[in-house]
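From first to last, the protein sequence lines stand for chains A and B. Note that the numbering used here has the first sequence beginning at 1, numbered continuously upward. Note that the numbering used here has the second sequence beginning at 1, numbered continuously upward.
Keep in mind the hints are simulated off the structure, nothing from the lab. Incorrect hints may appear among the rest.
Heads up, the list lumps identical chains together, so a pair's fine if it works in one copy or across two of them.
[Stated by the list, open to error] Calculated lysine-lysine pairs in the DSBU-like style (CA-CA distance at most 30 Å, straight line):
no.	residue 1	residue 2
1	LYS207	LYS46
2	LYS184	LYS30
3	LYS439	LYS52
4	LYS46	LYS372
5	LYS52	LYS184
6	LYS207	LYS439
7	LYS30	LYS439
8	LYS207	LYS184
9	LYS372	LYS184
10	LYS52	LYS372
11	LYS30	LYS52
12	LYS46	LYS439
13	LYS214	LYS46
14	LYS214	LYS184
Number of protein chains: 2
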Amino acid sequence: MQQADLILYPEWAFTAHPSNNSPYGDCLQKPGIAIQAGRIVDIADKAEIQTKWHSDHSEEHPGKVLLPGFVNAHCHAAMTLLRGIANDLPLMDWLEGHIWPAEGNHVDAEFVRDGSLLACAEMIRGGTTCFNDMYFFPEATIEAALAAGIRVSAGIIAIDFPSAYAQQPEQYLEQGLATLAEHKAHDRVKMMFAPHAPYTVGDPLFKSIIEADKAQRLGCHIHLHETAFEVSSAEQETGTRPFQRLLQLGLLNEQTVAVHMTQLNEQEIQQCGSLGINIAHCPESNLKLASGIAPIHALLSAGANVAIGTDGAASNNDLDMLSELRSASLLAKAQSQDATALSAAQTLQMATYNGAKALGWEAETGSIAIGKSADLQLIDLNRIETQPCYDPVAQVVYSASRDQITDVWCQGQQLMQERQLTTLNENELLATAQAWHEKIST
Amino acid sequence: MQQADLILYPEWAFTAHPSNNSPYGDCLQKPGIAIQAGRIVDIADKAEIQTKWHSDHSEEHPGKVLLPGFVNAHCHAAMTLLRGIANDLPLMDWLEGHIWPAEGNHVDAEFVRDGSLLACAEMIRGGTTCFNDMYFFPEATIEAALAAGIRVSAGIIAIDFPSAYAQQPEQYLEQGLATLAEHKAHDRVKMMFAPHAPYTVGDPLFKSIIEADKAQRLGCHIHLHETAFEVSSAEQETGTRPFQRLLQLGLLNEQTVAVHMTQLNEQEIQQCGSLGINIAHCPESNLKLASGIAPIHALLSAGANVAIGTDGAASNNDLDMLSELRSASLLAKAQSQDATALSAAQTLQMATYNGAKALGWEAETGSIAIGKSADLQLIDLNRIETQPCYDPVAQVVYSASRDQITDVWCQGQQLMQERQLTTLNENELLATAQAWHEKIST
């Protein structure tokens with residue numbers, strides 16, 4: 001008998017890992033999953049696991065399905081402190097009239113740390129174990145993620161305008177690279193270059209990023225073709241669509257996470273596929289700001305890697321990956337006029353494995369596979385809302401709510417146990433949110 | 001001091017009742033709501049209520065918002081027993097290949113009662129206090145709703161095909177009217193004629209319904225223009241669109257609840273407005289079956305009354321009104337390319353007051369107003385997922401999940417208290433669902 005730190009016996013496990021049976025992953029019945037030193041060391045039938053592995057800590061989870069932790073492919077965690085501060089407005093009114101002024105008055109390292117801690121709590125309670133972030137003071141977001149115990153891909157934010165974080169374009173890169181140097185040894189932390197958007201970043205700063213990335217190979221996380229206005233105004237001013245401008249600059253490749261992408265012509269969809277670009281699809285934010293609906297089904301058919309992100313809580317207004325992936329699946333069916341588009345299994349894979357792949361982290365996280373980090377969540381389907389259960393994968397995607405997520409692990413560390421957070425203190429976070437509310441409202 | 005059965009002191013109350021301040025309702029800060037003999041007898045500032053009313057049962061609810069109970073404007077409650085039995089399929093494949101065969105094998109009065117009880121439990125847990133149903137054996141659905149303590153508008157189902165419930169078209173009406181006669185004295189029960197759809201009901205049966213409704217004045221609940229195929233095949237076979245056919249028959253008026261309506265031309269949208277037709281918008285079911293997106297913003301502008309329904313759990317796959325109304329708001333913004341479309345307050349009113357109006361029940365339920373039935377729900381916003389809270393109405397619509405609904409009353413009777421059902425036994429319902437699962441799967 002080999003010794004494991006933890007053995008889980010759920011009713012089902014959905015791997016989200018490509019297999020001979022399905023490119024989207026297998027749904028295993030009555031499996032056992034053995035975990036040792038933070039990694040998945042065996043996956044087999046319960047009976048087989050019981051003959052091979054022993055642990056002082058093995059858990060039976062009847063009625064529950066084990067899934068990989070969600071990978072939130074696009075987030076502004078700190079903006080959770082601005083949750084719902086302005087609603088029912090188009091993107092530019094929302095940004096210029098509300099978000100940028102509030103940020104100008106309040107954003108500092110403390111705001112980012114406190115907002116990111118609140119975001120991490122919400123994400124863990126929603127089954128997310130990894131997020132791709134873009135915000136000022138990324139060192140504070142990393143600090144929060146480390147305290148919370150989840151993975152973060154933090155952005156080396158870059159924008160042509162001064163902020164409380166940096167005054168000059170080049171200073172954004174310098175500070176971000178200093179943060180990277182400080183944290184790169186930590187195996188739960190990554191960083192990507194994160195130029196805000198084509199309309200806030202000029203060619204010189206893009207060229208500096210491309211130059212710096214020749215050495216770093218971090219890849220690039222950017223808002224792109226979010227709205228029709230973004231595309232049409234660039235075309236009017238320069239004669240070039242932003243996607244083509246970035247392509248010509250050499251910014252778009254298989255290490256790019258292009259966020260939103262609601263406005264794409266057929267040529268651009270094909271280019272996304274041939275270049276292997278990663279799309280961070282944020283359907284609820286795009287709907288709420290009336291930005292449009294990204295052509296996900298066409299992008300997947302073209303060969304692009306499509307992941308799912310919540311965007312920030314100031315626009316969405318939550319960090320609920322389960323709701324977001326359901327919206328992604330339902331919208332893709334309507335948009336493609338094909339009810340078979342984005343099956344439940346494929347959608348779950350987008351919210352897990354595809355997200356990890358977008359961040360270059362698929363060797364570590366995003367699916368249940370031997371050798372990978374134990375980044376896991378349990379969802380209880382033995383509830384009024386998900387019974388009877390003919391198909392656990394469909395039940396997760398189309399019926400379950402995030403409160404049915406009972407337990408979450410990252411690197412084998414349990415971050416939530418029967419709905420109780422282990423690394424973060426909910427009451428403290430609520431009090432901190434309340435204090436920021438009072439400060440920001442006055 | 002006047003005596004009340006119950007006084008509630010929530011942090012906020014959103015009335016959903018048209019007022020001089022807003023057609024969509026007011027958000028009251030620190031109000032008191034006095035309830036006597038199942039009715040709301042006073043609404044005022046907390047301090048004023050405290051000087052006027054005394055009760056042995058008054059409750060403080062800091063951090064919570066009081067809302068009218070949701071009105072689910074279209075449901076097939078019994079189909080909860082078929083939740084998720086077939087997914088990722090277009091409407092006719094789903095109906096003909098899966099749903100109708102399963103129904104043929106299993107539907108009887110016991111199936112309908114058990115499925116409806118499970119549905120009522122899910123609806124109460126999701127803040128719904130009234131639902132508009134269409135299914136076989138409506139007497140069993142009424143029995144379940146009475147046991148659960150919520151309001152039901154049950155359908156006098158009519159279809160040209162035989163079923164376990166009735167053999168002949170006219171028999172459907174006779175049985176339904178007998179059920180009506182039995183239950184019409186109960187003030188939590190209504191019935192409407194419920195011809196299934198234009199493609200399953202011929203003109204003779206429609207004419208019988210119109211004739212019978214001259215005496216009854218029940219109104220008519222019908223699936224209409226759900227898919228492009230429904231409309232195009234009728235046009236090919238008869239030269240007439242189903243909407244125009246029903247209009248010519250005289251079936252469409254301010255007592256009609258037309259469900260789905262994803263395929264409407266400009267003339268039909270205007271006719272919906274001028275006739276005062278009620279639309280039961282079921283956005284998630286329409287997306288999932290790739291049926292389309294109803295032009296809600298245009299229908300509202302034309303003057304139609306738009307309510308929100310979940311459809312049955314076999315297609316949706318849940319009865320979650322909070323998720324459904326969020327989808328309605330987000331989709332309307334994207335579809336109309338206007339982020340200001342369907343504000344949070346207007347959307348909440350659609351899910352409450354407009355639903356009651358569609359059922360002819362707005363004098364009794366659907367808003368918080370003096371004299372109305374105490375059909376209420378409390379939502380706790382003091383959670384990680386909804387903090388900080390700048391705007392409680394936006395927070396309910398765009399951030400909260402149904403598990404934050406803590407307490408529900410119908411006619412002043414408490415149906416859920418701190419997430420515990422009072423009229424139904426969850427464990428018994430889960431066991432019953434499991435038994436049906438085994439029977440239906442074999």
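Here is how each hint holds up against the structure:
Neither within a single protomer nor between protomers do LYS207 and LYS46 lie at most 30 Å apart by alpha-carbon distance, with minima of 54 Å and 61 Å respectively. Within a single copy, LYS184 and LYS30 get their C-alpha atoms no closer than 39 Å, and across copies no closer than 50 Å, so neither meets the 30 Å cut-off. For a Cα distance limit of 30 Å, the shortest separation of LYS439 from LYS52 qualifies neither inside one copy, at 57 Å, nor across copies, at 36 Å. In the homo-oligomer, the alpha carbons of LYS46 and LYS372 lie at most 30 Å apart inside one protomer (19 Å), although the nearest pairing across protomers, at 56 Å, exceeds that limit.
Proximity of LYS52 to LYS184 under the C-alpha cut-off of 30 Å is found in neither arrangement, the shortest distances being 37 Å within a copy and 65 Å between copies. Neither within a single protomer nor between protomers do LYS207 and LYS439 lie at most 30 Å apart by alpha-carbon distance, with minima of 39 Å and 65 Å respectively. Proximity of LYS30 and LYS439 under a CA criterion of 30 Å is satisfied inter-copy only: 21 Å between copies versus 51 Å inside one chain copy. Taking CA atoms no more than 30 Å apart as the test, LYS207 paired with LYS184 passes inside one copy only; the shortest distance there is 23 Å, against 75 Å between copies.
For a Cα distance limit of 30 Å, the shortest separation of LYS372 from LYS184 inside one copy, 20 Å, qualifies, whereas the shortest one across copies, 62 Å, does not. In this homomeric assembly, LYS52 and LYS372 come within 30 Å of each other (Cα to Cα) only inside a single copy, at 19 Å, whereas the closest approach across copies is 65 Å. Proximity of LYS30 to LYS52 under the C-alpha cut-off of 30 Å is restricted to the intra-copy arrangement: shortest distance 16 Å within a copy versus 61 Å between copies. When the C-alpha separation of LYS46 and LYS439 is checked against a cutoff of 30 Å, the pair qualifies only between copies, where the shortest distance is 26 Å, while the shortest distance within a copy is 53 Å.
In this assembly of identical chains, LYS214 and LYS46 lie within 30 Å of each other by CA distance neither inside one copy nor across copies; the values are 47 Å within and 65 Å between. For the homomeric pair LYS214 and LYS184, the shortest alpha-carbon distance inside one copy (17 Å) is at most 30 Å, but the shortest distance between copies (77 Å) is not.
The earlier numbered hints that this structure contradicts are 1, 2, 3, 5, 6 and 13.
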